[in-house]
Structure formats: structure tokens, C-alpha cells
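A.B. asks: Single-letter residue listing:
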Amino acid sequence: MIKNKKNLFIIILAVVALTLGACSGRRVVATGWSGITVNEETVYFSYGPHAYALNLKNGAQQWQFPAEPINGVDFYAAPVLADKNSQLLVAGYDSVLYSVNPANGSENWSFGAAENRYVAPPLATEEGIFAANSDNSLYALDFDGLLQWEFATEDPLWASPIWSENCGCIYQASMDHYLYAINPENGKLIWKSEDLGGPIVNNPSISEDGLIVLATFNNEIIAIDEESHQVEWRFQTSDWAWATPVIDGDQVYASDISGTFYTLDLQSGETLWQLQPGGGIYSSPLVQGGMIYFSTDTSSLVAVSQEGVVQRNQPIEGKLYASPVGAGDKVLLAPSESEYFLLALRESGVQVWGYPQPE
Amino acid sequence: MWDAFITLMINALLFIYNLIGQNFGWAIIIFTVLVRVVTYPLTAKQMKSSKAMQDLQGSKEWNDMQTKYKNDKEGLAQKQMEIYKEKGISPFGSCLPLLVQFPIIIGLYQAIIRTLAVTPIQLVNLSKHINDGANLIPINSQFWWMELSEPERLPILGVAVPVLAILVLISSYIQTKMVTPTGGAGDNAQGAQMTQAMTLYMPFFMGYLAMTFASGLALYFIATNLATIAQYVITGQANFKNILPKLPNFGQQGK
Chain A
0 MIKNKKNLFI IILAVVALTL GACSGRRVVA TGWSGITVNE ETVYFSYGPH
50 AYALNLKNGA QQWQFPAEPI NGVDFYAAPV LADKNSQLLV AGYDSVLYSV
100 NPANGSENWS FGAAENRYVA PPLATEEGIF AANSDNSLYA LDFDGLLQWE
150 FATEDPLWAS PIWSENCGCI YQASMDHYLY AINPENGKLI WKSEDLGGPI
200 VNNPSISEDG LIVLATFNNE IIAIDEESHQ VEWRFQTSDW AWATPVIDGD
250 QVYASDISGT FYTLDLQSGE TLWQLQPGGG IYSSPLVQGG MIYFSTDTSS
300 LVAVSQEGVV QRNQPIEGKL YASPVGAGDK VLLAPSESEY FLLALRESGV
350 QVWGYPQPE
Chain B
0 MWDAFITLMI NALLFIYNLI GQNFGWAIII FTVLVRVVTY PLTAKQMKSS
50 KAMQDLQGSK EWNDMQTKYK NDKEGLAQKQ MEIYKEKGIS PFGSCLPLLV
100 QFPIIIGLYQ AIIRTLAVTP IQLVNLSKHI NDGANLIPIN SQFWWMELSE
150 PERLPILGVA VPVLAILVLI SSYIQTKMVT PTGGAGDNAQ GAQMTQAMTL
200 YMPFFMGYLA MTFASGLALY FIATNLATIA QYVITGQANF KNILPKLPNF
250 GQQGK
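Protein chains in written order, with numbering that gives the first Met the number 0: chain A, 0 to 358; chain B, 0 to 254.
Because the hints were derived from the structure by calculation, they are not lab data.
Ideal Cβ positions, reconstructed from N, Cα and C, are used throughout, including at glycine.
Mixed in with the good hints, there may be bad ones.
[Unchecked claim] Cβ pair distances, simulated, as ranges:
1. 305/A x 1/B: 23 to 33 Å
2. 126/A x 25/B: 16 to 26 Å
3. 127/B x 356/A: 51 to 61 Å
4. 54/B x 114/A: 48 to 58 Å
5. 153/B x 84/A: 39 to 49 Å
6. 290/A x 1/B: 36 to 46 Å
7. 107/A x 127/B: 57 to 67 Å
8. 325/A x 41/B: 57 to 67 Å
9. 228/A x 127/B: 45 to 55 Å
10. 38/B x 345/A: 52 to 62 Å
11. 127/B x 264/A: 57 to 67 Å
12. 114/A x 207/B: 20 to 30 Å
[To be verified] Chain B is nowhere near these chain A residues, computed Cβ spacing over 10 Å in every case:
13. 118
14. 279
15. 296
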């Protein structure tokens, strides 16, 4: 009997170990979705242990960084070209920001003073590099990777900083519910929004006439006037609003994670039309060739006319959390949990090429 | 079904987290203790069955039977079943309640890890489990010196010491020793050896898990070990004699 009980116990122990292992993957799970950047004939994207450069025409790999995977180093934020395209910034989950040569993927320098993951792609302007980190801070660097200043918020930064021509400042949205306007030269706070009611995990968009539009987990799309710093309108969504709203002329395209896609009037925030094709929406839409493309986590790429008529609801293998990106007449998709890391489709939906997951 | 169970646990965890001022470390501890309290009837049943089995295996009748059927395994098994039936003891009485608790332990661990959500995919998954908790995001995963979503190390004199893993190892050792029955005369040598091996390996196994996985899990291990020890102490079934290693009795040797 004792033997039976002990055997049972050992089996339980093994199952516990396997179950915990399955829950946690390798030690601590660190997962995100791919970010894509396109420059002329090259596509740069990050996924898992590497950032990749591919030929836009045929999807052939040009290089990968680092050449061999390094334990604990993952990349998900979109690589960003900086310093007149002479550097490619690759932000890692290992809390390091790398500058690599866009031509061959060799490392120029790295900045390792941050203490947590880089979820957001950095911002590169003529003045320098601005990188938001999950350690709650925004770091400003020069093009040699030297720290210029640091701006701290109360909660993690998953949203990219954005540059505003109108105010000559940087806007940083934070999970602490606030939007910060920061002087890019010295990192001083210029102004701060009122409490916007919920965490903000993606960057805002700015209209030409100075309206900042952002999405919050308080089920709202909010427009703030750049000059008065006041909230102009709030639009109630049916669930958390995760993705960056996209401004297209007088319209704002927004969504929530329950899967409702909204088209709002930019000035009033009133709904022009909305649809719910199925699945949650976590990514921003792409406006290209008179069509709006957005993806859902139930693996659909939805193409809608600007009048709100669904033209196509195309199933794609894997989950689509990453925003579709336009490249000339192509639409690039980075599905998760798929055979492919990257897919290039024609606007008609026909696949041009796919970059498969390495063996 | 499993997803609904995890959802329930995550929301209970978040409810406590919010109630106590958004401290996830304390939320884990309180939730673990509450789960132990709720599952106490099962634990009590398991303890009662273990005790009955322990008493039986230390009895003269059991020892005589083992001696008598030393070379007849089939006869021994048949006789054992007869005695179990006669005494009203289920041979699996102490295992079944443990098996019922098993999904609760795994569920609790999954709930802790899912709630911490420190990456976008984890937050997407969490968003599918929580009913109303946007304002609790991001979860404050700092607890004392620990980042609960990461394996724990405390720098002491320039050395990163896995303090929680050591505490898990010690508390697992005490808990395992305390709840392990003292070897009765009727225990066969193989069973006793396995028990000894388990009480040695189990704490190291738990310590290894605590050192390797997110420290939220280590905190849960410590809380659950301490809760188990407390349950045994309160019910008077703690076996304190087992905790210290047995030293040779030099006094008796001299006689």
C-alpha cells in the first residue's frame, strides 16, 4: 500500500512539474506580437529571439539580429530607423535598446540602463532617440546611445512616444492614466492631462489641427486639444480600447477588444458607423488604397470601404494582434502562433510571399 | 470548465488585491490561506485517513500478518484488503482528497501567473478572464524586495541570494517531516526508504521550482506550507519529533 501511495505521489509530483512548466514556459513567459517597419525595399520586423531584415519583393532574409539566439533576449517592438536611416533601433524584452546597422545587422551600440522590457518601439527624431520602457521611464539618448535625460511616470510605458510639430514636444501616454507633454531638449514636463480614467497602452494620434486622440482601458476614445490641454470629447466603447485610433481626414478609426470597429467624427466624436465582424481587435487599422484594413484575434483580416461596407473578411492562419502595415501595393501581416512570421498580401488578399518560422 | 475555474480564481485574487490596497504579495498570501480554509474538510479527511492507516500499520495484527505472509504476496494483499474492510479504512482514503486538491493548487498557480500579466499577450489573456478590472491594471507586482513576476534574488554583500527559494526549501522540509508518520514497526523497508527519499528530495524539488519560476509562485509555496503546518499544529497532528534529524543515542550505547 505504501508503495502504491508513494508511486502516486511521485506521479503527482511529475505532473505538477510538467504543469507548472507548461504554464511558465522557460522560467518567466515573455511574449508579445511582432512589430513591422518598411523602408523602400526592406522590411524590418521583430519576433522572439531576433529582429529580421527581409527583401520586400520576395521575402528573402537579408540578416537577423543577433545572429544566434541569446537566452533571455526577445524582441517584439517594431524596429525603428534613426539618424537619417543609418541606424536601426531594436528594443528588447531584455531591457536593452540596440542600435544595429540596417545594411547588415551588425551592432553599433547598446543602451542598457533601463530596468524592464521595451514593449513600445522607440521614437527617432532629428534631435535624438526617445525610448519608453516598462520600468515607467522615458529615456532620451543621442545617436551614440548616450543618455541625455530620463522622465519618470507612475506606471509602465507600453505606448511609443510621439512627436508633435504643433507644440514642438513629445507626447508620452502612460498606464498611469495620464498623457504627458515633454520638452525633448531637457525632459521637463510642459503639461500633463487630467486623469483619463484608465491605463493607456498605445500611442495617441494627432490631427493636423491639433487634436490628440487616444484609447484607454476605461472603455473610451478621448480627444484632447493640444492648445487648451482640455478634453474635447469622449466616446464610450463597449470594452477596453487597446489600439491606437487612426485619424484619416475628418474621421477617426477606433476599436475595442470585444471586436467593435468604430468610425467617429473627428470634431465631435460621434459615431458615423460601426461594425463587429467577430473577434477582439487589438491593433490599429491600415488605411490604404481607399480601403480600411484591420485584423482580429480570431484570425481575420477585414477589408472595409470608407463607407463601412465589408468588402472581405479573410481568414489568416494564426492570431492577428499586430497591426497590418502597408508597403506600396502590399499589406504586411505578422500573425502569432502561425506557420509564418510574416505574410505579404496583395490588396486583393492574394498571398505574395510568406516568411516561415525557422525550424 | 477549466477556464471558468481559472476565471473565478483570477477574479477572487483581484477582488482581494483591490480590497487590501493593491498589494499583490499579500493578495497571494491571503488567497492561499483562504483556499486552504475552504478546502479544510478535504484536508481533515486526508489527515484522518492517514492517521487511521498509520495506526493500523503500527498495530500488532498488521505486523503479525506481514510476518505470516512474508513469502506470499498474493495472500498478503488479500489479507490486507480484508483488514481494511474490517476496520472500515479505505486504502485510497488519504489519496483521493489530495487528488481533489491538486487542480485547486494548479489553478491557483495559473491564476497568480495570469493575473501578473507583464507582457501584452499575458494582458490579452487576462482581459479575457476579468469582468471589471481595468482600473487595477497594471497589477502592482512589487512586494518588498521582490518582483513577483520574476524569479527572486536578494543582493546580499554583492551576492544574489535566492532567499525565497531557501525559505521554500526549509518550510517544505518542516512541512514534509511534520506530516510524515513516524516509521512504525510494521513499515516495510522499501516503504520506509521511499518515505525518507521523498522527505529529502521534495523540499529540494520545491526549492528548485521556487528559484526558477516567478517569485509569486515561491510566495504561494511558502504560504501554503505555513498554512499546512498550522493546520497540523492546530489539530494536534503535527509530528515535531520528525523535524530534527535523529542523532545516535550515545547514552544508551554505553549501557
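A.B. asks: Let me make sure I understand: some of the numbered hints might not hold for this structure. Which ones are they, in numerical order?
C.D. replies: 1, 2, 3, 7, 9, 11, 13, 14 and 15
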